[in-house]
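Residue numbering for the sequence shown follows our numbering, beginning at 1 and increasing consecutively.
Keep in mind that a hint or two might mislead.
Result set (BS3-like, lysine-lysine): computed pairs, CA atoms no more than 27 Å apart in a straight line [unchecked claim]:
#, residue 1, residue 2
1, K307, K333
2, K96, K69
3, K344, K307
4, K100, K69
5, K344, K333
If you are wondering where the hints come from, they were derived from the structure by calculation, not from laboratory data.
These numbers were taken from a predicted model, which means no experiment stands behind them.
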Amino acid sequence: MNASVRAPRLQSKLLGAVSVGLAVVLLCALAGLASAWFKLSTEVPPEVTHSRDAERLQREFRGQVQEWKNVLLRGHDDALRQRHLDAFDNEGRLVKRLAKGLVTSPDARTRELAQAFVGLHAQLQQDYHAALQAFAAAGYDPAAGDNLVRGKDRAVATALDALSAHATQVAEAALAARAQQARQTLLLCASLTVLAAVLLLIGLAWWLRRAVVQPVLAVEAAARAVAAGDLQHVVQVRSRDEIGRLAQAMQALQSTLRGVLDAQAAMAQAHEAGTISHRMDAAAFPGAFGTMVADCNTLVDAHIRVKMRAISIMGRYAVGDLSQDMERLPGEKAVITEALDAVKHNLGAINGEIRRLAEAAAAGDFSQRGDSARFEHDFHAMVEGLNRLMQTTELNLGEVSSMLRAIAGGRLGARMHGDFQGVFARIAGDANTTAAQLATIVTDIKHASGNIHTAAAEIAAGNNDLSRRTEQQAANLEETAASMEELTSTVRQNAEHARQANQLAIGAQSVASHGGSVVGQVVATMGAIETSSRQIAEIISVIDGIAFQTNILALNAAVEAARAGEQGRGFAVVASEVRTLAQRSAAAAKEIKSLIEASVEQVGHGAQRVREAGDTMAEIVASVQRVTDIMAE
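Hey, can you work out the whole structure from these sequences and the hints?
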């Protein structure tokens, strides 16, 4: 106990060494990082300020150009025009002030571009104010005012874009230089930190190897031996710190594991000898080892219980009792449940196939077959055998049926041919004998009927001779009667033709009257179509007006969106699309209107032709009426 008190604890050694090293490393790192962060966060390069001023200058110039467009669009309203003109001048003064700030930039190229922009912007303002008088003289027409200054702001915008782009490049270069400086500072700090850490780690490594690493390696070797199954390895550690106590615990662990392995070997030998009720004594082992032994006993009990239950179920299946099912086992044990379910399913399936084929055969249907593809091995061979039985029966009975059907159709020479066996061979022989005897009887009947036919023919010849002599006497009387019938038939035919002509005339009158009525309806329909076409033309005119108003509203929306600057850019795009859609709608409405007007003109011509057809049909009706009257007389 005294030695344990005098020796410092391993935990204290490690904590003290690591704390000192981390404190030194953290102090160096924090000092360097604080210095670099202070430089980056407190200083803003003037190039960045000029870049921001150039971006703001772009926004203000766009706002000034937009205010000029508002002056053109609101020219007819004096108050609105003056308000936008004042805003135009205010934006111009702000642009001028921002540009003068860029003229003082330390970068020569920035100063050159800023001076060029100042000159172009001043000339642009003079041109806009000069165009204002011409705009007033043109009656404040937006199109005329836009034509006066069209394209004059392009050079200014180009110069401003070049200025902004160059200012951005200068700012990015300045930021890159500042970042490079910060990286160098951080790199120096990191280098010093790494150097201090390396020196500290070298000292710690030398000390830890003697105080910690060598004893830990000894315990590690023992642990590896235990992991590899060697429980006889001896731990050579004499220290009294945590590592020494760890070595003692490793030796105790080896002893306990040897006891557990001996108990497991004894249980395995007992089970191999047939004593499956043998179990390990869990009370002989402490703590988790006792629990592990008890769990092993429980596992053995569970496996034996499942095995005995499966044997019981298989015994019932062996005697044909398929009413019992195996309990649903979890996890990988479910393969036992699935195997027993498959046994039951296959037994039930083969039983169902046999029952189905037997019922079909009992009902006289030998065309049924069992599905042998569902089964394997002996089950497959069993179903195939039943199928061969059904097929043989069907073929043999089919031969009998075919022969009987042929005899019923008059083919008395039909016979059963084939390799018949057993009862089917006897059936084939009896059927062929019956057919032969039936053919003999029919042949005898045929000969007797031939003799009867010959005698009847002789009697008929005598009757025919007597009939010819009687017909010659009646021929003269028939010629006289025929002449009288021809005269009567001619008179009747003339009367029938007159009646048919009268009926055709009446039908023609009805058709002509109906045609006149239909032509009148067509005339009315063409008039309605002409009226509807004119109404559609008026509706198209209204759509054209709506498209024009939509175009005006879209133009106003685009102006308002432009005034909103960056926030209204998306709305300006939508307004432009709406304006384009309105213009397309107006063009389409004009094309549809021209087509409708042409259609109205063609419908008018068609109506005139239909009216003329109606007049002609009326004349036809009158003519048919006169023909009908004449035929009636």
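- Return the numbers of the hints above that this structure violates; sort them in rising order. When the structure is compared with the hints, none of them turns out to be violated.
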